[in-house]
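Undergrad: Since chain A is already given, all that's left is putting chain B with the ligands on it; use the hints.
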Amino acid sequence: MMSQPPEGAPGAFDIVQAVPDARCDLGTLPPGQAGLLLLERARRDAGASGLLEVVTRHARWVAEMPSWARLHSAEVVAFGDDQTHHRWLLRVLPGPDVRGRPDWGVRLPRRAGGVDLRDWLVGQAGQVAERAEAWWGLVPRGAVAEAGGPLWPFTLARREAVWDGETAGLLEDATRRQWNATTDIAWDSLPALPDDLEWAVCQIMTFLVENELVALYVPAKFLAQIHPHYLEPVLFLASVVYDEARHVEVFTKRALANGGGLQYSSALSAWSLHSLFVQEDYFTASFLLHVLGEGTFLDLLSFVAEWAPDPVTAEVVRRARSDEQRHVAYGIAHVRRVLREASQRVEDLVAAAEARQAYLQAVSGGQPMMTLALAMLAGGGGTPAAVDAGLPTVHALYAEMHRRRVGRLQQVGLPESVAEHLSRLHTPNFM
Amino acid sequence: MELTVGAVAYDPKVVTIWELIRDVTAGAPAHIDYVLYSTYEALVEALLAGAVDLAWNTNTAFVRTYLRTQGRCRGLVMRDTDRGYTSKLIAPVDSGIARLEDLRGKRVAFGSRDSGHAAILPAYYLRQAGLEAGRDYRAVPFDLDVGKHGDTGASEGAVLDAVRKGTADVGFVGDPFWLRALATGTVDERELEAVWTSPPYSHCTFTALSTLSEAAAQTFVETFVHMDPADPRVRRMMDLEGLRAWVPTELSGYGDLIAAMSGSGRDGLG
Ligand SMILES: [Fe+2]
Ligand SMILES: [Fe+2]
Chain A
34 MMSQPPEGAP GAFDIVQAVP DARCDLGTLP PGQAGLLLLE RARRDAGASG
84 LLEVVTRHAR WVAEMPSWAR LHSAEVVAFG DDQTHHRWLL RVLPGPDVRG
134 RPDWGVRLPR RAGGVDLRDW LVGQAGQVAE RAEAWWGLVP RGAVAEAGGP
184 LWPFTLARRE AVWDGETAGL LEDATRRQWN ATTDIAWDSL PALPDDLEWA
234 VCQIMTFLVE NELVALYVPA KFLAQIHPHY LEPVLFLASV VYDEARHVEV
284 FTKRALANGG GLQYSSALSA WSLHSLFVQE DYFTASFLLH VLGEGTFLDL
334 LSFVAEWAPD PVTAEVVRRA RSDEQRHVAY GIAHVRRVLR EASQRVEDLV
384 AAAEARQAYL QAVSGGQPMM TLALAMLAGG GGTPAAVDAG LPTVHALYAE
434 MHRRRVGRLQ QVGLPESVAE HLSRLHTPNF M
Chain B
1253 MELTVGAVAY DPKVVTIWEL IRDVTAGAPA HIDYVLYSTY EALVEALLAG
1303 AVDLAWNTNT AFVRTYLRTQ GRCRGLVMRD TDRGYTSKLI APVDSGIARL
1353 EDLRGKRVAF GSRDSGHAAI LPAYYLRQAG LEAGRDYRAV PFDLDVGKHG
1403 DTGASEGAVL DAVRKGTADV GFVGDPFWLR ALATGTVDER ELEAVWTSPP
1453 YSHCTFTALS TLSEAAAQTF VETFVHMDPA DPRVRRMMDL EGLRAWVPTE
1503 LSGYGDLIAA MSGSGRDGLG
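Going down the list, the sequences are from chains A and B. Okay, so the first sequence: first residue is 34 according to the working numbering, each after it adds one. Okay, so the second sequence: first residue is 1253 according to the working numbering, each after it adds one.
All the pointers check out, no bait thrown in.
Residues from chain A shown here face chain B by an in silico Cβ test under 7 Å; the list is partial:
| hint | residue |
| --- | --- |
| 1 | Q66 |
| 2 | R93 |
| 3 | L104 |
| 4 | P129 |
| 5 | A180 |
| 6 | G181 |
| 7 | L184 |
Think of the hints as simulated: they come from the structure by calculation, not from any bench. Fair warning: this is a prediction, and the values are worked out from it, not measured in the lab. Ideal Cβ placement from N, Cα and C applies to all residues, glycine included.
The following block holds chain A by itself, in its conformation from the complex (with noise of 0.2 Å):
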């Protein structure tokens, strides 16, 4: 039973009647920690300017609960107590700690195969914003944050640079198909070569090793920039790490399993990768690097797995190019829905494929150990008759590398002039 208003609270009577948005029965608890914990959690739940009813049998709480009012921004409307419990209802002022209620009572979808990132779209923490503030932090998106914490220096901080509605599924492929490069290649079953095969594989791998690293520091180097609402990207581009992290390693692998090793790098590559490393507009280097670098790695990989002279070594390469697929595919489609939204942006895909030709123009020499190595391939060993065959197959391969990339440009919505300007613009180092 509640008591009669006091004198001078006209009103507080009808107030009592009100649906408190928040209850917390602190049972016969005496004040002390787990009673004010409950309390706090409770003045959270009724939210800013909200009711909070507390009701308590232990009667030393009848002393603490407006020294616990004053101190935590909330004002006693009433209080009534008779033989055994005491009540009071509560009004929550806002403050920087109550600023919205958490969404309770939501479930995610169930599909064959588990709970999946395309279905995780509900509620507070399926709502993706424009913009995300810098307050919000590491706050997991759906939560309530806490106003007053630190402003996080993330730059990568609107949803039209970076969020895609297609990243959710490439990440469930990214988990789904992540591989072991110790115990899921057959090892074992690596023959011994021929000294100029053995060769010509380590020098491709010497090279895929480099081009690897610069595919891993690009979007390590993005990933920390990209405000963590954003949630997806972030993840996926993990994913991109781990997969480039696994390249690296399995590359190195084979350069160093076969009584081979790791051979001749070139200062044409270093410049190129150098060029992509240096990138600072995510778009640009998403472009650069997923959709003209990776995508052009596709059909090497293809070209170094169809020739392989081993079956380790095809097997390696078949794998990391299956992980490139998806990497392209992000590529595309993050690409082509950013110029979908703004076909202005084609300018700077065109302005930094042009800046980037520019400054590769300066280096001299180009690839020789390289394409030695891949005309070594195809033509089946290192005699000169084996290289001279060899070559117009390697030949056929750039050729076919850039009637794919054009075909990739128009696939993010470039016209075929500019595609072709652009694919005939694109490095000699594939990356």
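TA: The following block gives chain B with the ligands in isolation, referenced to the frame of chain A:
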């Protein structure tokens, strides 16, 4: 308008607090700068001498200023937590002590003798109940950090320890210290309980002499009450200073302390 506030450095965090206030008021109607003193006595002298425009005073320092100027000063703004402050009498659970009168013949722990909430007001309320130290009860003083008026909380920690260890039968602390001790689990509620709560009073307040212009006073009040806790700098300052909002000061919150400190010529502890 530039206003200089004097405050007491009772903890290294005070520098952080005032740098934040200086920073967040840079574009505000009242731009606040600060000067730190080591004791509230020095701060009160500085205010009286006109070395600062305002003083961030404890209730003891406010009343000292009030008595020294015959009331020609006023409190402007305080923390929301300064309004309705109370002192708690802490005793072992089931001690049988329920009223101040029950302290006859007991050992009563107090915080620093210049602490309004842990010494001066508790002694005043005991006197009101007819109990004098030495005659009716034995005072067990913890004069730690004298000059800081109890800001450090060190003496209140000592009071709780004394009651827990039995070197005092009961002791007085402020309710923020008591509730924080309960909330953090540093006090076991099966061991100690609050058996009496004082009437509410006001605690710290920004204090200005009557010579500060009304316009300056208003500008100061508005600058403080409009601080937005969603600003991370404001939030950090408020957390360090222990408030959620600045509210206007009312003189009525100091009646008991004025009575306690008037005429005694002492800090209030008998
Ligand atoms: Fe890769
Ligand atoms: Fe990749």
